[in-house]
Amino acid sequence: MTSSPPNGTDFNRGPMPPLTRQMPRYQPSRIEPKWQEWWESQRTFATQRLPTPGSTAADPGRKAYILDMFPYPSGDGLHVGHPEGYTATDIVARFERMRGTSVMHPMGFDAFGLPAEEYAIRTGTPPRESTDRNIATFTRQLKMLGFSYDWDRVLSTTDPGYVRWTQWIFLVLFDTWFDPTLQKGRPIADLPIPAEVASDGEGAIAAYRDSHRLAYQSEAPVNWCPALGTVLANEEVIGGVSERGGHPVVRIPLRQWMLRITAYADRLERELEGLDWPASIKKLQSDWIGRSTGAEVDFLIAAPDAGAEAFSQWKISRAAGGFPARPGTDVLRIYTTRPDTLYGVTFMVVAPEHPLIDSLTAPGQRQAIAAYRDAAARKSDLDRTDLAREKTGVFTGSHVIHPLTGRPVPVWVADYVLATYGTGAIMAVPAHDERDLEFANAFGIEVITVVEPADGSAPAEGRLFAGDGRAVASGPYTGLGTRDFIGRVAADLAAAGLGRPSVNYKLRDWLFSRQRFWGEPFPILHELDADGSPTGQIRAVDQQELPVALPELTDYRPGDTPDPPLSRSAPEWLFLERDGKRYRRETNTMPQWAGSCWYYLRFLDPKNDLRFLDPEIEKAWMPVDLYIGGAEHAVLHLLYSRFWHKVLYDRGHVSQPEPFGRLVNQGMILGEMEFTGYRSGKGGWVSAEKRGEDDVAAKVPADQVEKQGEHFVLRDAPKIRVESRAYKMSKSRGNVVNPDQVVRDFGADSLRLYEMFMGPLEATKPWSTTGVSGVRGFLDRCWRLVVDERAEELALASQVCDDPPSEDQFRELHRTIDKVTKDIQSLSFNTAIARMMEFVNFFTPLERRPRAVLEPFVTLLAPFAPHLAEELWQILGRPAPVSLAAWPAVENRWLRDETIEIPVQIQGKLRGRVAVPADADIETIQATAAADPKIAELLAGREILKVVVVPGRLVNFVVKG
RNA sequence: GCCGGAGUGGCGAAAUGGCAGACGCGACGGACUCAAAAUCCGUUGCCCGCAAGGGCGUGUGGGUUCAAGUCCCUCCUCCGGUACCA
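Letter by letter, the first sequence follows residues 0 to 960 in numbering that gives the first Met the number 0.
Watch out, some of these pointers could steer you wrong.
Said to hold, decoys possible - With a Cα cut of at most 25 Å, we get these calculated DMTMM-like pairs of lysine to aspartate or glutamate:
no. : residue 1 : residue 2
1   : 281       : 270
2   : 282       : 272
3   : 959       : 942
4   : 62        : 39
5   : 706       : 671
6   : 33        : 149
7   : 314       : 491
8   : 62        : 715
9   : 606       : 158
10  : 730       : 744
11  : 681       : 631
12  : 606       : 39
13  : 142       : 174
14  : 689       : 705
15  : 390       : 308
16  : 142       : 158
17  : 505       : 673
18  : 505       : 806
19  : 959       : 922
20  : 821       : 806
21  : 689       : 657
22  : 908       : 931
23  : 764       : 694
24  : 698       : 671
25  : 183       : 109
26  : 505       : 671
27  : 505       : 432
28  : 505       : 526
29  : 908       : 890
30  : 681       : 671
Said to hold, decoys possible - Computed Cβ-Cβ distance ranges for the label pairs, DEER-style:
no. : residue 1 : residue 2 : range
31  : 367       : 281       : 40 to 50 Å
32  : 654       : 446       : 50 to 60 Å
33  : 768       : 120       : 32 to 42 Å
34  : 52        : 185       : 32 to 42 Å
35  : 824       : 876       : 48 to 58 Å
36  : 672       : 607       : 23 to 33 Å
37  : 824       : 654       : 24 to 34 Å
38  : 185       : 768       : 53 to 63 Å
39  : 48        : 579       : 20 to 30 Å
40  : 824       : 898       : 26 to 36 Å
Calculated from the structure, these hints are not laboratory results. Even for Gly, the Cβ is constructed at its ideal location relative to N, Cα and C.
Given these sequences and hints, build the entire structure.
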């Protein structure tokens, strides 16, 4: 470790690049590559292993881990949306570096994923090849924009050295079970084995362990498209057919790897609280986790006539034996959040996939039920909810017995009940649940009201009452408030062994395997018996053998079965022997989320071959201090990362429970504003509000349009309204802005500055090419502030002088420093830039421009327009780089004027202004205001009721009448 | 339907409850130029007025306050997300 002063004042300072002499005009195309090369050769932004300690032994020094959400390197190259967040973090990183903070600011690539694989199928190009090419393009474009990443740390999720540790983390998950008592993940070896399991031998113990691991296998339905020969993601299936080609898709069960994220649901929700994230994102995550509390209740399955005897027998045995952990086949277990509505139950519904359906189906109903289940199986989850608003279902022919009233209740099958939530069965209370009511109405089922509004008011006409209230017609509970009722009945059910309190989450376990090629292979082996069939026993690949590399395939095309592509690899890859047993490798691959779950950790120690991350380094740099990226990752990426991080934390591999401190979402950049008119089939214009189905949209140039009242109209035909709107950038609309082109036309500094000047970082905002040229104009003015553009050779502008600045000039400078400093910290880059523009407007007309203000200004500009700032710094004769120069300090005395002008109001209306000393007291201000001739005239003869004086702000006279 | 976010000049926007429209674009005018571009200077919310000046203005309607773009309630529009989770 070096003990050099904060952030590399010495260690990376090299010889300066030559001044570009024949360049009196500002030419970004010449200075930008020059400084980019220099920064790279000098390793200006290389980060040390650990943050630099403070000046005293006790002071750890300031560190800032500033992170972008790394991109997927698509074949299209960088989009203008990428540099928005990247520029924001770059400004903060450069600013912090200049303030002496140790800055970690890395970049990498999330490069596994579908497009590379589809490209491979189309063209035969191996995914690794196209991926490497795309990464090279992205790298070139990122470097072209002058971001101050430490490129020594660059990584791709597809690097074997990275995959190795992704697989290692998977094995940590595989080796962990969740201890519900300690609410903590623990080594699988610590899992207590129940005696009855242990007595069944090694195989039973292994199975018991496997069923408790955080990474486990299960049969789960996938969208299999036989025509395409592939498994599709949910978003690739629309209306029951494949998005591409419109082929039928069926849901078939397939062995899958799952991650037990639900075990962490509670912690994932509770620990959101302390995070400095947008409230909306926290709420999104919390809603996604969707914790609800209620009760599970068992209903005895019995024929309506023969039930009474069985029912009392059953109650007796339950009262003695209690509520079983797993329901037997003699009962239907349901989950409800409203056990207080038990007396309103008029039917039961089970999901089409419910395990008891067969036994519940009466002989006469067998065919109808089978048909219904078949139809349901063909629909994806999406179709079921989106299209099938209308309730469908089939009566099973069976009944259950209401545990409180002993009355028979019919059992239906309907796909509005999801097999994957709760117990996959519900008690339906049509009087107090909208969905149940719709179903009851559709099938003519009875509706019994059991809750009324507590204030005695009648529920709204025609609307069902789903809120809390007071119980009616509920046996011994009648009259109770909803909350009391729930507590009371839950306790009674528990005592009788008929129910128990229960918590449910919308969050499901994470389906973690994909039947794809271009992903991380699972480091898992399946044991084979003598015939080559799997025994069901699995083992982890030894750590020393990681990474399990992807095999070479010659053909990426899908096959006839949902077997993953890896199952067609050469036998040398697929089969192996360990400890005298034969194994077949797992052939599923991990989803794209896997690599992005932990990249922020690997950046800290990207080349470590011995462990995934050195704990000393982890302790020093984590957590991420600022994380900027798109809101589309609000739920999944951020939730998955937090989950992995908590497992690593429980297992002692990281020191913090949460990975990301401050999170900010940048807004979307839309295409340029467009005016759209409509033409009828005959070719004439149609006003936008009258357009019909057959009228076609046509783009109208901005100069043929004008605003009239609320709307835009055609200039030549003002009766014709035109729509004005900015659209999402898309290839099909043809409004995509290419960063390469912008850099060619205006320069990287202009692109950076424009994206920051457009508006607040988090807002959605339309692109404007004239806006870019406006910002370019500002950079030109900055240049001319310092450089004589008319000279033959590069020379300082004649106005640049060594005069001491005047008081006004100091005020202008320090106000700018103050505003820019504060605005960077609050990520208000647009107003920081506006302030710098004011500074330039102030100094441009001056015949004498003191260096003592120009030089600090250039340092302020440096985080925003680093290339230009470096060049100006060099021209001013300062030793490069300005990127590591000290951030200027504000002198507070320059932030205050001696006299200020304050507005004077009468009745809250502005009537004049008076000048007063900045520190004037209330009496002085009021007297000065009242003495102003105009104010005095307006006040003459009126009774002053009250005078509001806010020192430094305003005076308001409140008068009578 | 539900959950977010947003409605301010011709456009992008700014404004700790205290002078609405900073800054930029566009437009208009001037200087420079043979001319144009570039540059520099100025004007630019709307309406009335020659002017001084006055009136009106932050999606709608109400409220709180000496004072509301900002706080509270109602409604409307747009954008984004989400989808029967019992």
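With 40 to 50 Å as the target window, see if residue 367 and residue 281 comply at their CB atoms.
46 Å, holds
CA of residue 281 to CA of residue 270, is that 25 Å or under?
Holds, because 10 Å separates the two Cα atoms, which is no more than 25 Å.
Taking 25 Å as the top limit, are the C-alpha atoms of residue 821 and residue 806 close enough?
It holds: about 22 Å lies between the C-alpha atoms, which stays within 25 Å.
Quick one, are residue 764 and residue 694 close enough, alpha carbons at most 25 Å?
Not satisfied, since the Cα-Cα distance of roughly 29 Å exceeds 25 Å.
Look at the Cβ atoms of residue 824 and residue 876 and judge whether their distance stays inside 48 to 58 Å.
31 Å, violated
Is residue 505 within 25 Å of residue 806, Cα to Cα?
Not satisfied, since the Cα-Cα distance of roughly 64 Å exceeds 25 Å.
Next pair to validate is residue 959 with residue 922; report whether the Cα-Cα distance is within 25 Å.
Holds, because 21 Å separates the two Cα atoms, which is no more than 25 Å.
Given the proposed pairing of residue 505 with residue 526, does the C-alpha separation stay at or below 25 Å?
35 Å, violated
Range hint compliance [Cβ, residue 824 to residue 898, 26 to 36 Å]
Holds, at about 30 Å.
Would the pair residue 689 and residue 657 pass a check requiring their Cα atoms to be no farther apart than 25 Å?
54 Å, violated
Is the gap between the beta carbons of residue 185 and residue 768 within 53 to 63 Å?
58 Å, holds
Check the following: the C-beta atoms of residue 52 and residue 185 are separated by a distance inside 32 to 42 Å.
35 Å, holds
Hint compliance for this structure: hints 8, 11, 13, 15, 17, 18, 21, 23, 25, 26, 28, 29, 30, 35, 36 and 39 are broken, all remaining hints hold.
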